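Chains as they are written, first to last, in the numbering used here: chain A, 1 to 195; chain B, 1 to 345.
No wet-lab data here; the hints were simulated from the structure. All figures in this text were calculated on a predicted structure; none of them were measured in a lab. One thing to keep in mind: the hints can contain errors.
Partner residues aside, some chain B positions facing chain A, computed with beta carbon under 10 angstroms [claimed, not checked]:
hint : residue
1    : 11
2    : 13
3    : 14
4    : 15
5    : 267
6    : 294
7    : 304
8    : 312
9    : 326
Beta carbons: idealized from backbone N, C-alpha and C, even for Gly.
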Amino acid sequence: MTATPVTSAITRLCDPVDISGHRNNTAVSAATETKAGEFNVWGNSFAAEYLPKGRSTVHVDGVPFLFPPVCEGPDNIRCAGQFIEVPEGRYDWVHVLAASERRCEDTVDLNFADGSVDAEALRVSDFWAAPAWFGEVKAFQSLVMHYPHHVQRGVPAVMWAQRVPVTRRADLTGILLPRNVAVHVFAVTLQRTES
Amino acid sequence: MTVDATARTYMITGPEPEWWYRDLVSCLHATVGSVLARAGADPLAVLGAGWQFLHLPGDVRSEEFYYPCAEGEQGAALAPHHDLSARWWQPADEGDVWREVREALADDRLVIAAVDNFHLPFRPAYGDVHAAHLVLVWGLDERRGVVHVSDAMPPAFRGAVPIRDFLSSWGSANPIDVQDAFFSDSRIGRRCLDVRLNAQPADLTPELLGGFLRTNTEGFTTKTPARTGLAGYDVFAAELVERCRAGDAGALRELYPFGWAMQAQASLHGELLRRSGRDWGDPALAGAGRRVESVAHAWTGLRFTGAHGLADPRSAASGIAHHATRLRGAYARAVDAVGAVAARR
Numbered sequence: 001m002t003a004t005p006v007t008s009a010i011t012r013l014c015d016p017v018d019i020s021g022h023r024n025n026t027a028v029s030a031a032t033e034t035k036a037g038e039f040n041v042w043g044n045s046f047a048a049e050y051l052p053k054g055r056s057t058v059h060v061d062g063v064p065f066l067f068p069p070v071c072e073g074p075d076n077i078r079c080a081g082q083f084i085e086v087p088e089g090r091y092d093w094v095h096v097l098a099a100s101e102r103r104c105e106d107t108v109d110l111n112f113a114d115g116s117v118d119a120e121a122l123r124v125s126d127f128w129a130a131p132a133w134f135g136e137v138k139a140f141q142s143l144v145m146h147y148p149h150h151v152q153r154g155v156p157a158v159m160w161a162q163r164v165p166v167t168r169r170a171d172l173t174g175i176l177l178p179r180n181v182a183v184h185v186f187a188v189t190l191q192r193t194e195s
Numbered sequence: 001m002t003v004d005a006t007a008r009t010y011m012i013t014g015p016e017p018e019w020w021y022r023d024l025v026s027c028l029h030a031t032v033g034s035v036l037a038r039a040g041a042d043p044l045a046v047l048g049a050g051w052q053f054l055h056l057p058g059d060v061r062s063e064e065f066y067y068p069c070a071e072g073e074q075g076a077a078l079a080p081h082h083d084l085s086a087r088w089w090q091p092a093d094e095g096d097v098w099r100e101v102r103e104a105l106a107d108d109r110l111v112i113a114a115v116d117n118f119h120l121p122f123r124p125a126y127g128d129v130h131a132a133h134l135v136l137v138w139g140l141d142e143r144r145g146v147v148h149v150s151d152a153m154p155p156a157f158r159g160a161v162p163i164r165d166f167l168s169s170w171g172s173a174n175p176i177d178v179q180d181a182f183f184s185d186s187r188i189g190r191r192c193l194d195v196r197l198n199a200q201p202a203d204l205t206p207e208l209l210g211g212f213l214r215t216n217t218e219g220f221t222t223k224t225p226a227r228t229g230l231a232g233y234d235v236f237a238a239e240l241v242e243r244c245r246a247g248d249a250g251a252l253r254e255l256y257p258f259g260w261a262m263q264a265q266a267s268l269h270g271e272l273l274r275r276s277g278r279d280w281g282d283p284a285l286a287g288a289g290r291r292v293e294s295v296a297h298a299w300t301g302l303r304f305t306g307a308h309g310l311a312d313p314r315s316a317a318s319g320i321a322h323h324a325t326r327l328r329g330a331y332a333r334a335v336d337a338v339g340a341v342a343a344r345r
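Only chain A is shown next, with the shape it has when bound in the complex:
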């Protein structure tokens, strides 16, 4: 018997979600235009040169994500209670690429076709030169931090791959993001329940 690599097994079960209609914040900037980024209140941003190409499919631990457009306007959802509709179906995990303005815990409401709603924790570590406090995978790292007026060495900006469990055995229809401006979501991918 030939073992199937775990990553490819996961990849086959994953469906990236289109969140383009919800993006409302620009977290990535070019070195030539650092003022264009405003991940936090101080106008810091990720350096585009260290991140994947915009609109590309990227894999983190076998999970495929649709990387947002880069340096073309808003690239992430700053969480403010947006509702992301998803293709109705059975899922085990909601995977996200996310970063937080400080280490943060909040909740997402998972909405199901039968009318039930489950609140699940969304835990995201700090983007600012911080460890993966919640055991996330470091998805991407900008080795420099962009400030409005300069590029800062020695302060990396980190984007995390985190996941939220779907414990209910029912068809998921949507995800209500938290009302928490500190939390930024760059991509969402659903992992289907293995039939």
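Fit chain B to the known structure of chain A by using the hints.
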């Protein structure tokens, strides 16, 4: 100590100061942590032993290192269960502002100095943003014209800074700066914080920690005339929301530095409990620590909702109320969990 009377070089003995840092602490805990580490103590065991809520209306200063405490009680506020003293001082002689620094270094003591990031070449805000910060001074070389500085906050730095730059930073007016509403507009005034651990901490045991937890829990559940504990939090939160509804941006300017102090303290206390629970095979203690950490994480929502809402406090009021409620819930769950652990004998 190294003293060359003619060269006027003063350095602490032994290795350069250790960086001590956690992602939720400010420069206050970071610098005091380094002093504790050099004194041979475990910074987490000292700075993470206490946990309280204290809000002092009208006391909050726009400085990264603001920490609420009664007059002269900075050491006790940071480490209520240890013999830690912390005293702010300023040079007595404007004609020789280095005298006390020389004396401290000659006495082999680190100096914690307040600075304005705008003037320090190694800080990201250099030449850009005014902000009140703390660094460690571990050497002074007047012959070569440099101050040896250590800063654990990213980007961590340990090295020499020209005396001219340091003096500009140490003596800065730290004027109001629209780029940093939370840590500017607070005169630096060559302040320094003298921190001393007057007695080596006893080894942390379940019994000793249990006593700390009982005291901390009592502080949260006992109503006092001051804004302390859960009752004090309720007064603070209600006033915060009301001030936002009234369009008072000052409430949000104060929230950020004040909240950092409470957030840092909760993160260290939670980490200590979690670590101790793991080391002692006590999952209930570890779980209580995790709940205290959730308090720290809930402070993020409140602090950053305020930071982003500064320009329009009325619009931010609803979000502030939401996160104040979430934080209250986190406090309640954490106090319950810590209280249950503390009640065991």
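We went through each hint and held it up to the structure:
At a threshold of 10 angstroms, the smallest CB-CB gap from residue 11 (chain B) to chain A is about 25 angstroms, leaving the interface hint violated. Restraint check, residue 13 (chain B) versus chain A: the minimum CB separation of about 28 angstroms is more than 10 angstroms; hint violated. Taking 10 angstroms as the C-beta cut-off, the interface hint given for residue 14 (chain B) is violated, the closest approach to chain A being about 26 angstroms. Here the hint on residue 15 (chain B) is broken, as its CB sits about 21 angstroms from the closest CB of chain A, past 10 angstroms.
Against a cut-off of 10 angstroms between C-beta atoms, the interface hint on residue 267 (chain B) holds, since the closest Cβ of chain A lies about 8 angstroms away. The interface hint given for residue 294 (chain B) is met, as the beta carbon of that residue sits about 6 angstroms from the closest beta carbon of chain A, less than 10 angstroms. Against a cut-off of 10 angstroms between C-beta atoms, the interface hint on residue 304 (chain B) holds, since the closest Cβ of chain A lies about 4 angstroms away. The closest approach between the C-beta of residue 312 (chain B) and any C-beta of chain A is roughly 13 angstroms, which is over the 10 angstroms cut-off, so the hint fails.
Taking 10 angstroms as the C-beta contact cut-off toward chain A, the hint placing residue 326 (chain B) at the interface holds, the least distance being around 8 angstroms.
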